[in-house]
Amino acid sequence: MNDRRSFFVLTMLVFGFAFLYLPIIAMVIYSFNASRLVTVWDSANSPTLAWYVELFHNSQIMDAAKLSFRIASVNATGAVILGTLAAFALQRYRKFRGRAMFGLLTTAPMVLPEVITGLSLLLLFVALEQGIGWPSGRGATTITIAHMTFSMAYAIVVIQARLATVDRSLEEAAMDLGARPWKVFAVITLPLIASAIASAWVLAFILSWDDIVITSFVSGPGSTTLPQLVFSKVRLGVSPDINALATILVLIVSLAVVVAGTYMMRRDRRRMRDSQAAQGATG
Amino acid sequence: MNAVVGAGVETGQKGPAPYVRIERLTKRFGDFVAVRQVSLEIQRGEIFCLLGGSGCGKTTLLRMLAGFETPTDGAIFIDGVDVTQVPPYERPVNMMFQSYALFPHMTVAQNVAFGLKQDGTARGEIESRVQEMLSLVQLNGYEKRKPHQLSGGQRQRVALARALVKRPKLLLLDEPLGALDKKLREHTQFELVNLQEKLGVTFVIVTHDQEEAMTLASRIGVMRAGEILQVGTPADIYEFPNSRFVADFIGSVNMVEGRLIEDEPDHVRIECAQLGAIVYVDHGVSSPPDAPVSVAIRPEKIQLSRERPEQTDNVLQGVIAGIAYLGNATRYLVRLPTGFLLRVTAPNVFRHEERLEPDERVWLHWHSSSPVVVTR
Amino acid sequence: MAALALLLTGGGDAVSVSAPAGTRLAGRFAAIRGALGRRAVIALPYAWLAVFFLVPFLIVLKIAFSNIQLSMPPVEPVMVWTADHVLQLRLHFSNFTFVFGDELYLAAFVNSLQVAGVSTLFALLIGYPMAYGIARAPGAWRNILFLLVVLPFFTSFLLRVYAWMGLLGRSGPINALLMQLGIIHEPVQLLQTDFAVYLGMVYSYLPFMVLPLYSAIEKLDLTLLEAAADLGCRPAKAFFMITLPLTKEGIFAGCLLVFIPAVGEYVIPALLGGPDTLMIGRVVWDEFFGNRDWPVASALAIVLLVILAGFVLLLQRVQAQEGEA
Numbered sequence: 001m002n003d004r005r006s007f008f009v010l011t012m013l014v015f016g017f018a019f020l021y022l023p024i025i026a027m028v029i030y031s032f033n034a035s036r037l038v039t040v041w042d043s044a045n046s047p048t049l050a051w052y053v054e055l056f057h058n059s060q061i062m063d064a065a066k067l068s069f070r071i072a073s074v075n076a077t078g079a080v081i082l083g084t085l086a087a088f089a090l091q092r093y094r095k096f097r098g099r100a101m102f103g104l105l106t107t108a109p110m111v112l113p114e115v116i117t118g119l120s121l122l123l124l125f126v127a128l129e130q131g132i133g134w135p136s137g138r139g140a141t142t143i144t145i146a147h148m149t150f151s152m153a154y155a156i157v158v159i160q161a162r163l164a165t166v167d168r169s170l171e172e173a174a175m176d177l178g179a180r181p182w183k184v185f186a187v188i189t190l191p192l193i194a195s196a197i198a199s200a201w202v203l204a205f206i207l208s209w210d211d212i213v214i215t216s217f218v219s220g221p222g223s224t225t226l227p228q229l230v231f232s233k234v235r236l237g238v239s240p241d242i243n244a245l246a247t248i249l250v251l252i253v254s255l256a257v258v259v260a261g262t263y264m265m266r267r268d269r270r271r272m273r274d275s276q277a278a279q280g281a282t283g
Numbered sequence: 001m002n003a004v005v006g007a008g009v010e011t012g013q014k015g016p017a018p019y020v021r022i023e024r025l026t027k028r029f030g031d032f033v034a035v036r037q038v039s040l041e042i043q044r045g046e047i048f049c050l051l052g053g054s055g056c057g058k059t060t061l062l063r064m065l066a067g068f069e070t071p072t073d074g075a076i077f078i079d080g081v082d083v084t085q086v087p088p089y090e091r092p093v094n095m096m097f098q099s100y101a102l103f104p105h106m107t108v109a110q111n112v113a114f115g116l117k118q119d120g121t122a123r124g125e126i127e128s129r130v131q132e133m134l135s136l137v138q139l140n141g142y143e144k145r146k147p148h149q150l151s152g153g154q155r156q157r158v159a160l161a162r163a164l165v166k167r168p169k170l171l172l173l174d175e176p177l178g179a180l181d182k183k184l185r186e187h188t189q190f191e192l193v194n195l196q197e198k199l200g201v202t203f204v205i206v207t208h209d210q211e212e213a214m215t216l217a218s219r220i221g222v223m224r225a226g227e228i229l230q231v232g233t234p235a236d237i238y239e240f241p242n243s244r245f246v247a248d249f250i251g252s253v254n255m256v257e258g259r260l261i262e263d264e265p266d267h268v269r270i271e272c273a274q275l276g277a278i279v280y281v282d283h284g285v286s287s288p289p290d291a292p293v294s295v296a297i298r299p300e301k302i303q304l305s306r307e308r309p310e311q312t313d314n315v316l317q318g319v320i321a322g323i324a325y326l327g328n329a330t331r332y333l334v335r336l337p338t339g340f341l342l343r344v345t346a347p348n349v350f351r352h353e354e355r356l357e358p359d360e361r362v363w364l365h366w367h368s369s370s371p372v373v374v375t376r
Numbered sequence: 001m002a003a004l005a006l007l008l009t010g011g012g013d014a015v016s017v018s019a020p021a022g023t024r025l026a027g028r029f030a031a032i033r034g035a036l037g038r039r040a041v042i043a044l045p046y047a048w049l050a051v052f053f054l055v056p057f058l059i060v061l062k063i064a065f066s067n068i069q070l071s072m073p074p075v076e077p078v079m080v081w082t083a084d085h086v087l088q089l090r091l092h093f094s095n096f097t098f099v100f101g102d103e104l105y106l107a108a109f110v111n112s113l114q115v116a117g118v119s120t121l122f123a124l125l126i127g128y129p130m131a132y133g134i135a136r137a138p139g140a141w142r143n144i145l146f147l148l149v150v151l152p153f154f155t156s157f158l159l160r161v162y163a164w165m166g167l168l169g170r171s172g173p174i175n176a177l178l179m180q181l182g183i184i185h186e187p188v189q190l191l192q193t194d195f196a197v198y199l200g201m202v203y204s205y206l207p208f209m210v211l212p213l214y215s216a217i218e219k220l221d222l223t224l225l226e227a228a229a230d231l232g233c234r235p236a237k238a239f240f241m242i243t244l245p246l247t248k249e250g251i252f253a254g255c256l257l258v259f260i261p262a263v264g265e266y267v268i269p270a271l272l273g274g275p276d277t278l279m280i281g282r283v284v285w286d287e288f289f290g291n292r293d294w295p296v297a298s299a300l301a302i303v304l305l306v307i308l309a310g311f312v313l314l315l316q317r318v319q320a321q322e323g324e325a
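Residue numbers (our numbering), protein chains in the order written: chain A, 1 to 283; chain B, 1 to 376; chain C, 1 to 325.
Since the hints were made in silico from the structure, they are not lab data. All C-beta atoms in this analysis are idealised placements derived from N, C-alpha and C, irrespective of residue type, glycine included. Heads up, some of the hints might be wrong.
Computed spacing ranges between beta-carbons, pair by pair [to be verified]:
id : chain 1 : residue 1 : chain 2 : residue 2 : range
1  : C       : L231      : B       : I261      : 39 to 45 Å
2  : B       : T338      : C       : A320      : 53 to 59 Å
3  : C       : R317      : A       : F96       : 23 to 29 Å
Once the Cα atoms are required to be at most 25 Å apart in a straight line, the calculated DMTMM-like pairs of lysine to aspartate or glutamate come out as [to be verified]:
id : chain 1 : residue 1 : chain 2 : residue 2
4  : B       : K117      : A       : E172
5  : A       : K183      : B       : E127
6  : A       : K95       : B       : D73
7  : A       : K183      : B       : E69
8  : C       : K219      : A       : D167
9  : A       : K233      : C       : D276
10 : B       : K144      : A       : D241
11 : A       : K183      : B       : D119
12 : B       : K144      : A       : D268
13 : B       : K144      : B       : E125
14 : B       : K117      : A       : D268
Put together the whole structure using the sequences plus the hints.
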């Protein structure tokens, strides 16, 4: 009985992970295919790094990647700053006027379909330009603002969850020892939620780096982000240099996740060993 | 009794002026009144224990002293200064938290130095004072450790050092020994008292553990439902409880309902239906005659014997219904002819003692000064 | 001020009795300073969200009630000052009657809900055993498998959808494999079909399903299952009587996380779907960019939002009733 059940679960695990990873693996393999017809393996000339070379010589892709990186970094930084403030307000200030509305505003961007967010922001920018002359035209600035607005909501969730686990008596202890509220935040709260802030930053970066729908609404003719470029290319069909690009991105992300994962596991294990040793020492 | 419940007198004619004065302090959370009209005076150098069950308001009172909660009404004076509205970071008061609240990302030395740094103390002085404090709590050599590398007892001592290093006028301790196991707790109790004597800092301790309060405190305030019921030395509280609740809360007690039938200035007689006897008490009670009262008799104040005792008052007969041998003492449960069960504790003085057997008929008696009569 | 603060913080018995009024004042000032800081913490993000989220939303609402016109922006103003200085409010419900009157839009809404619903169901059917397997895996494995679920989330969504374009193509490996096995004799059309859209949806949103399920199953107290076994409940029955009800929160969360974005999805139907795959996200996009009909696009957005809000509220109510029962 038990064996049959775990066999089923195991099968589903294998199937599920195969489903998740086979397309990615296929994409990586095809990035070394010499044939222009992507899915037809040219065994005579493969594997080849030709598409990688082409990728780095494609100034259009390189420019788009740089723009995306810039927008994603600024967005992540802004979203984390605003998100930390908002999370702090929601977690630490039990009641203030308009709290319910604030709570709604901080979660709604996650639920709202991207087409609606993009559409509404574009309408705002158009109205603003007509009304006060800013922003003149659309480009990196409007994209960054739009990204900050929706990625901030995710940052709030991540930071607020951590903030909830921070023992309030730590903050009280610091205050009791003479630290003023801002000092308490800087010296105690911030270091304790630092890893959550880092995760929120990465999350906000990825959301921005990856976004296509909202970006398409609020971008201008002069500013094409990497997802926009990729989207317009792949709409016309598969393209081998996109495989190469995808492979590079997958590689970077996997490395980052693996490093972060092992670091966290090591830290947890060390922590456990330390506290066990401390308990054992004095019985 | 030296209980000073009631509004503090501005001109302190009796003895020194109180170091901490709490005046009609009230704290409401919505409809719930956590602390109700509490007035209290604490002298310099005292160890004052706030004792009570969970939800009695003792922690809220302590947090108002620290400045984490703003009183709804009333005032707090420390050393003559009104601190009611002063934020925690400007109060000359420090606290040792129940969870210790050691900053997990700082070393032991950084934790202890934290408070001094906030005051802008010179680096050299910080170092010497941290060292001094750490040697006082016997933690030299642990400066570089992080909190998670310490045992429970060591953490407790770091928390204590951190709170004391600023030389506060008042040290607040929230269940200071609550997180320690029993053996360590006894040892730490004495360390805490020694330290207090050495430094002369005034301690206010919150605890739910009556034994802890008895060992540590110079005076105890018993709290219930947001109010202070009685303030006094441990002996006062134990021997002269002023209410049924206090008598029952501190230690074990036999509580018997009764009716005053003779009320003289030097003695009273109380008819107790549950005992089937009249209890003679050798001190007066200020209560209207025929009023219902309670008589509290501590188990260790009742004596058992096989032979009829010589005295005539306060003598009963019963049957041993249960025996629990505790080592240092034996606890008996004696059934009276009325069916009432009386708890009696007898010390085990001799190793080869002829002990009483279950179902044995025994005589019980106590001294006429032993019972306490409480009217509320 | 500074002197007073010094009096208070500078410990020592030198300061015995100072003016109570002064210290009270110092406290008051500190309280006011605290309130100001507090206000700033709330105001900054609040203002941002009000300007860049709430106001745009109101503009969409406004434009949904206005008429299209040939200009930039291509809408008539809703509020107009007439010649005799009267503020005139011109609300046009025509956009909504147009939206509800056209079968194309109706079909798009129905199809979106259907695609999202079916995809959510399949994601749940695949995701639950996966989450269960991960939560019950031995220590080290659990962390690795968990990371493996998170990893696709961090790799580009767009590129992961794109990966299926290669696999599903006429000359792609799936067709090649099927032909090799003799199941089919010539390549079948896989790409640009509804099947491809379902596949892409389940594939893209599977991690969103697995993560909340995993945390719900992991939290489950195993002694409850032991107790059930002890009381004579067979494992399969225990799963339906204990595990499933106690992980309901995770199921709700997972379904919501998949369903909501799936309804408004644009990229997947645009890349994997055929020209006749009608999904509302795509229709809004086309109305806006293709036809430049901002009022109708806005009206569609409002209707979509109302439908989604209705679903969320319904689910919340069901959940609340479950909680009461």
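Broken hints, numbered, in rising order? When the structure is compared with the hints, numbers 1, 10 and 14 turn out to be violated.
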